[in-house]
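Kindly produce the complete structure, drawing on both the sequences and the hints.
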Amino acid sequence: PDAEIEILVDGRRSDAAPRSIQSGQRFLLILPSETKRLRVLASSPAGQASWSLSFAREGGSDLLREVGRTLHRVHEDIMSGRLATARTTLQSVRLPSEAPAESRYEVHYYRALLAEKEGDYRTAMAEVQEAVEIAERVKLERYRWMAEQKQGLLLLRVGRFSSAVQLFERLRRESFASTACEEAQVPANQAWAMLLAREAGERFGDPTPLLETALATFKTCEKFKPSQRMNILIDLALAHLQEGRLAQAKDLLAQARGLDPDPPLPHMLWWLDLEARIALKEGRPTEALRLFGDIEKLASATSSPDDRLLAAFGKAQSQRALGEWNAALEILQKAEALLDEQSLQIPLHEGRETFMATRHAVVNLHVELLLDQGRNAEAFHLARHARSRLLRQLERSHGLASLPLDQRARWERHLAEYHKKRAALEQRAKDEWTLPTDQVSRAQAVRNAEAAAVKKILDQAFQVLPRESSKEEPPVPRPGELILAYHPLSQGWAGFAADGKTVQVHLFELPPDLSRVDRLSGCLLLPFRVSIERAERIRILPSGSLQGVDFHALPFDGDVLLAQAPVVYGLDLPASPAPATVRKRHALLVADTRDDLRGALDESRNVLEILKSGSHSWIAEELTSADASVEAVRERLVTADLLHYAGHGSFSGSGGWDSSLLLAEETQLTLGDLLALDRVPAWVVLSACDTGRSSTKVPVESLGLAQAFLLAGSRAVIASTRPVKDRDLPSFFPELYREWDRGQDLAVALQRAQISWRKRNPRADWQSFRLFEP
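Letter by letter, the sequence shown follows residues 1242 to 2015 in this note's numbering.
Read the hints as simulated data drawn from the structure, not as lab findings.
Incorrect hints may have been included.
[What the hints assert, rightly or not] Distance windows between CB atoms, simulated:
{"hint": "1", "residue 1": "1317", "residue 2": "1492", "range": "41 to 51 Å"}
{"hint": "2", "residue 1": "1542", "residue 2": "1731", "range": "21 to 31 Å"}
{"hint": "3", "residue 1": "1654", "residue 2": "1446", "range": "43 to 53 Å"}
{"hint": "4", "residue 1": "1866", "residue 2": "1332", "range": "51 to 61 Å"}
{"hint": "5", "residue 1": "1654", "residue 2": "1419", "range": "41 to 51 Å"}
[To be verified] Listed next, the in silico EDC-like pairs over lysine to aspartate or glutamate satisfying Cα-Cα at most 16 Å (straight line):
{"hint": "6", "residue 1": "1662", "residue 2": "1691"}
{"hint": "7", "residue 1": "1697", "residue 2": "1899"}
{"hint": "8", "residue 1": "1697", "residue 2": "1371"}
{"hint": "9", "residue 1": "1466", "residue 2": "1423"}
{"hint": "10", "residue 1": "1661", "residue 2": "1872"}
{"hint": "11", "residue 1": "1661", "residue 2": "1691"}
{"hint": "12", "residue 1": "1466", "residue 2": "1410"}
{"hint": "13", "residue 1": "1391", "residue 2": "1440"}
{"hint": "14", "residue 1": "1391", "residue 2": "1423"}
{"hint": "15", "residue 1": "1671", "residue 2": "1868"}
{"hint": "16", "residue 1": "1853", "residue 2": "1976"}
{"hint": "17", "residue 1": "1391", "residue 2": "1410"}
{"hint": "18", "residue 1": "1522", "residue 2": "1484"}
Being a predicted model, the structure only gives us computed values, none of them experimental.
Virtual Cβ for every residue (Gly too), placed ideally from N, Cα, C.
Okay, here's the thing in structure tokens:
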């Protein structure tokens, strides 16, 4: 990307200008037909290199045709469900070094298509991204457009519906369609994305106009196939079914059935699903059960995990309607195991939590069935398991302890590579300000591409870990502790209160305005008033939109809940096999890393004084301004028992994966860095915006900086769930440390400091800080 390039066409210098592309430069040259040799000379700080290309005119088109014929057979096998045959054929394709870009593109494209059908979304997304990059590098715009459509369909598979809708909207505006059929496919795909989003409960408008546009365009296509018309009719039927228009949905399905007696497998699966759902809505559960059974057989024959999950959900609904409770629960237990297994196929940074959210109807039905039978403790356990599913998959302490030597070596190799590439990235960030203006955008594009590659390395590392810990029981309440958990159902919510002896349940509707704290308290706390009054400690397990609610600040008994007892927010991770131990009471203070928060520097100095003069003496080190580089902080974190960070926090990226603590010289300590550390401090205090924030859009606990510290081994993290409204913090945190120095539990220390802060400054945003525990 930073090289000076000279291009010679048969010895004559070309004046073609470069364009930044991925991690390099792309040149577009129009060559005379008689061109014999192209030479490229590159010179950069890293050294010099040259390439020489001679133009052989024979063989390329023959190879392209041969690969095309082979991949056509692969496509037919995939669409007919003959996945093993397709895999064998694909594995037999061997491309020589001189193979044209089109052939390389098609091999990756069909590998993606096969992996998608097999439910291996990690491989599918990597292969289709490679196809996009090949097309982009050699300016095959139409090929890129086609691969990005497949990318959009894969986003649907992993539950990123909004991203898919936006992608299809862009592809519709910048169309490279060569036929009316291709032109029609993009609005059809966009409508399909909207339909699936609506299935998952997201708010999107009626996609019927897009489908009608697609259908009208399809009719002008010379090769308009019955299967394409059938696909649109099935989608229109789903749109009507979502709106409760059963008669229209049935009529459209009947039209679809008359088009092709032997439809493609994907059409048949959705056709059967819609007929089964209509049967359920019309009170014909026996027929629905039979139809869902047909889906299950087809899904098993084609090894399609998504369709197996769809069939299991439908069968359980049918059994419930028939009053066969035990049969329904048995089906749902298997579906839960399938969901655990299937979610692991989604790369960590590609929206795994969103994928889980879009399959949450399975969990909701399971919880509801258990509650219907009065099996409250089992429903409570299941709700906790579903809520913590993502984070338990990232919990590593148990897995590392049981890894064989060879797998442990693989884990360590991946992490070593991760740290090496992250260090290179941060060096780029530090050097970027020295670049001329015209090179900054190119450098940023390169850095973004390398950052994506770094995330993939971390994902590979976590694939090494065994999955036994994900099946462990969630932690039981401590003596005197009350757990309050909240789970969204298909209609309304379920609240649970558990003290280790009994599990109470309260079903309620959440008020539309979550700022009405009096109404929130009425449905979230007051049903469990007696248990709360007896509790010595309260652990909150919120889900979805309730993640943004400050439970500790809700009105209770004339004051706030925090005045009743210390309040902590839990992740429900398995108990650590080796509890954190204090070695030398080594504290690390990091403050004002960007030289723009004078209050943060004052806060750090006050905390430092208390730590050094308290009854429990700490060995304390402070890093500020330019000294607080990412290398310095990372090096000291692995030996510290306490981290106090006073600076800027950032919550960003899909699933929070781009969240970071901002450090000196434009560097940052990322969420991925924390997960990759060998050791982190037992106690962490993050006096910065958004450091305790995670997504409120999904009904599972997702990632943020506080969660990353706990996953990496911290025992307690104090962090803010939103931007801090003021910088009165210098007076608050010394109060916290003074309370903690008196021998109090950290939860009690935070409780007393927050109550004191609230009394001294009622307008202060004391409630934005929470104590998070595993």
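Consistency of the hints with the structure:
{"no.": "1", "hint": "1317 to 1492: 41 to 51 Å", "verdict": "violated, 32 Å"}
{"no.": "2", "hint": "1542 to 1731: 21 to 31 Å", "verdict": "holds, 30 Å"}
{"no.": "3", "hint": "1654 to 1446: 43 to 53 Å", "verdict": "holds, 49 Å"}
{"no.": "4", "hint": "1866 to 1332: 51 to 61 Å", "verdict": "holds, 56 Å"}
{"no.": "5", "hint": "1654 to 1419: 41 to 51 Å", "verdict": "holds, 46 Å"}
{"no.": "6", "hint": "1662 to 1691", "verdict": "holds, 8 Å"}
{"no.": "7", "hint": "1697 to 1899", "verdict": "holds, 13 Å"}
{"no.": "8", "hint": "1697 to 1371", "verdict": "holds, 13 Å"}
{"no.": "9", "hint": "1466 to 1423", "verdict": "holds, 12 Å"}
{"no.": "10", "hint": "1661 to 1872", "verdict": "holds, 11 Å"}
{"no.": "11", "hint": "1661 to 1691", "verdict": "holds, 12 Å"}
{"no.": "12", "hint": "1466 to 1410", "verdict": "violated, 24 Å"}
{"no.": "13", "hint": "1391 to 1440", "verdict": "violated, 21 Å"}
{"no.": "14", "hint": "1391 to 1423", "verdict": "holds, 13 Å"}
{"no.": "15", "hint": "1671 to 1868", "verdict": "holds, 14 Å"}
{"no.": "16", "hint": "1853 to 1976", "verdict": "holds, 15 Å"}
{"no.": "17", "hint": "1391 to 1410", "verdict": "holds, 14 Å"}
{"no.": "18", "hint": "1522 to 1484", "verdict": "holds, 13 Å"}
Consistency with the previously given hints fails for numbers 1, 12, 13, ordered from lowest to highest.
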